[in-house]
Structures are given as C-alpha cells and as structure tokens.
Amino acid sequence: MKKLVMPSTSTQFKEQYYYKKELSELCRRVGLPMSGTKAELNSYIEKYLSGTPVSEIKAKRPRVKKPALMADSIRLDTKVVGSGFVFNNEARKFFAAYFGTEKFSFKKEMAIVKRKAEQENDTEMTVADLIRRSLQLSKDKDQIASVSEERTYQWNNFVRSFFLDPATVQFTDRLKVAGLLWGYVKNTKQEKKYSSALLETYADEVEEYLKLK
Numbered sequence: 015m016k017k018l019v020m021p022s023t024s025t026q027f028k029e030q031y032y033y034k035k036e037l038s039e040l041c042r043r044v045g046l047p048m049s050g051t052k053a054e055l056n057s058y059i060e061k062y063l064s065g066t067p068v069s070e071i072k073a074k075r076p077r078v079k080k081p082a083l084m085a086d087s088i089r090l091d092t093k094v095v096g097s098g099f100v101f102n103n104e105a106r107k108f109f110a111a112y113f114g115t116e117k118f119s120f121k122k123e124m125a126i127v128k129r130k131a132e133q134e135n136d137t138e139m140t141v142a143d144l145i146r147r148s149l150q151l152s153k154d155k156d157q158i159a160s161v162s163e164e165r166t167y168q169w170n171n172f173v174r175s176f177f178l179d180p181a182t183v184q185f186t187d188r189l190k191v192a193g194l195l196w197g198y199v200k201n202t203k204q205e206k207k208y209s210s211a212l213l214e215t216y217a218d219e220v221e222e223y224l225k226l227k
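Numbering (the working numbering), first residue to last: 15 to 227.
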C-alpha cells in the first residue's frame with residue numbers, strides 16, 4: 015500500500031492516481047473541505063498546491079437534486095446537468111423514440127460525454143449536444159480503429175515480404191531488423207511496402223543497430 019503523502023507541487027499531484035478516500039484524507043491533513051465529489055476534492059488540492067490560501071478554498075454548495083425527468087418531459091433542448099435528466103428507463107424511452115428503434119441501450123461514448131459535463135458542471139450542454147458529441151466520439155474511435163487495422167495489415171505484409179527476400183537471411187534476428195526498417199518506412203510518405211532497396215538505403219542504420227544489440 016502506498017504511503018499517503020501530500021505532493022509538493024500541482025504537477026506531482028496530477029501525476030498520481032488517488033482514490034476518493036485518499037483525497038479526503040489529504041484534505042483533512044491540511045484543513046481543506048473534505049466533502050464533495052472526487053472532482054471537487056481534486057480541485058481543492060490543486061488550488062492549495064498552486065498557492066491559494068486554505069482560508070480561501072471553500073466547499074462547493076451541494077447541488078439540489080431534482081426529480082428524474084419522465085420521457086415526455088425530455089426534449090432536445092433539455093439541459094444535461096441540473097435538470098433532472100438521468101440515464102434511466104425514461105431516458106431510454108426518449109432515445110428509442112428519437113432514434114426510431116424498439117429498444118435503446120446507452121453507449122459508452124454517451125456516458126463519457128455526460129460524465130465530463132457533470133465533472134465540469136457544464137450547465138449549457140443540452141440533450142442535443144449530448145447526442146451530437148457522443149456520435150462524434152464514436153466516429154473518431156472507429157476512425158482510429160480503422161487506421162490501426164490498416165497499419166497492422168501493412169506491417170504484416172511488410173514482414174512477409176521481408177522474410178521472402180533471400181537477402182535478409184544474413185540477419186540472425188530477422189524480425190527485429192524488419193521492425194527497424196518498418197520504423198523508418200511508416201514515418202515517411204513512401205509506400206508502406208518492403209523492398210530490397212531498403213537494405214541499401216538504411217544499411218548504416220541496420221549495421222549500427224546490430225552493433226548495439
């Protein structure tokens with residue numbers, strides 16, 4: 015179990031992960047407010063480490079929890095924070111009707127966007143914004159996955175061609191040499207394919223690499 019010590023700088027604090035119980039204990043030790051969400055406790059400590067006097071760091075007033083909205087009360091301009099909008103069966107009914115589907119399940123991306131809005135107390139975000147941002151986040155992830163898949167495909171073909179080249183038999187650890195060449199090729203604008211010419215182009219780099227092994 016790690017020893018609980020108050021970091022000396024805000025940078026050091028941000029580099030560590032703390033459980034809420036630990037944050038509360040750190041606050042107690044220096045006289046900061048001990049109650050609130052994890053995000054609020056983090057903010058108290060960051061202000062303290064940034065030089066704000068303890069006397070000026072006040073606990074945020076607890077938000078008055080409003081009753082959860084019914085499906086027929088949810089609209090696209092409904093605020094995500096502070097309106098009583100929550101992810102429940104009523105919200106599912108609203109989204110099912112909006113997307114024209116019989117059943118609706120909350121996606122991870124939607125939860126991420128909503129959680130961020132709550133942590134930042136973004137009282138301007140609407141349900142329409144929630145839908146738009148979560149769909150964009152999902153699209154971005156799909157694009158990243160597509161690029162990653164393409165890179166994997168290119169790498170596999172690169173290695174296959176490398177091993178088929180008789181000139182590479184001279185290397186004891188052929189896979190590592192292939193990886194070295196791939197590292198140069200993937201960061202250039204040239205076609206991401208292996209050719210014997212690469213052995214000449216990067217001959218000095220390969221030789222130096224093998225010396226360091």
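Rather than coming from a laboratory, the hints here were simulated on the basis of the structure. Careful: at least some of the hints might be erroneous.
Computed Cβ-Cβ distance ranges for the label pairs, DEER-style [unchecked claim]:
{"#": "1", "residue 1": "L224", "residue 2": "N170", "range": "33 to 41 Å"}
{"#": "2", "residue 1": "T51", "residue 2": "R165", "range": "38 to 46 Å"}
{"#": "3", "residue 1": "V44", "residue 2": "S87", "range": "37 to 45 Å"}
{"#": "4", "residue 1": "E134", "residue 2": "L18", "range": "21 to 29 Å"}
{"#": "5", "residue 1": "M84", "residue 2": "N135", "range": "23 to 31 Å"}
{"#": "6", "residue 1": "D136", "residue 2": "A73", "range": "35 to 43 Å"}
{"#": "7", "residue 1": "A181", "residue 2": "K17", "range": "16 to 24 Å"}
{"#": "8", "residue 1": "K203", "residue 2": "R89", "range": "43 to 51 Å"}
With a Cα cut of at most 25 Å, we get these calculated SDA-like pairs of lysine to any residue [what the hints assert, rightly or not]:
{"#": "9", "residue 1": "K121", "residue 2": "A85"}
{"#": "10", "residue 1": "K130", "residue 2": "A82"}
{"#": "11", "residue 1": "K122", "residue 2": "I71"}
{"#": "12", "residue 1": "K121", "residue 2": "Y167"}
{"#": "13", "residue 1": "K130", "residue 2": "E54"}
{"#": "14", "residue 1": "K130", "residue 2": "E116"}
{"#": "15", "residue 1": "K130", "residue 2": "Q150"}
{"#": "16", "residue 1": "K74", "residue 2": "N103"}
Heads up, the beta-carbon is just placed ideally off N, CA and C, and yes, glycines get one too.
So, going through the hints one by one against the coordinates:
no. : hint                     : verdict
1   : L224 to N170: 33 to 41 Å : violated, 24 Å
2   : T51 to R165: 38 to 46 Å  : holds, 39 Å
3   : V44 to S87: 37 to 45 Å   : holds, 44 Å
4   : E134 to L18: 21 to 29 Å  : holds, 27 Å
5   : M84 to N135: 23 to 31 Å  : holds, 24 Å
6   : D136 to A73: 35 to 43 Å  : violated, 20 Å
7   : A181 to K17: 16 to 24 Å  : violated, 56 Å
8   : K203 to R89: 43 to 51 Å  : holds, 49 Å
9   : K121 to A85              : holds, 18 Å
10  : K130 to A82              : holds, 19 Å
11  : K122 to I71              : violated, 34 Å
12  : K121 to Y167             : violated, 28 Å
13  : K130 to E54              : holds, 13 Å
14  : K130 to E116             : violated, 28 Å
15  : K130 to Q150             : holds, 15 Å
16  : K74 to N103              : violated, 30 Å
When each numbered hint is compared with the structure, violations occur for hints 1, 6, 7, 11, 12, 14, 16.
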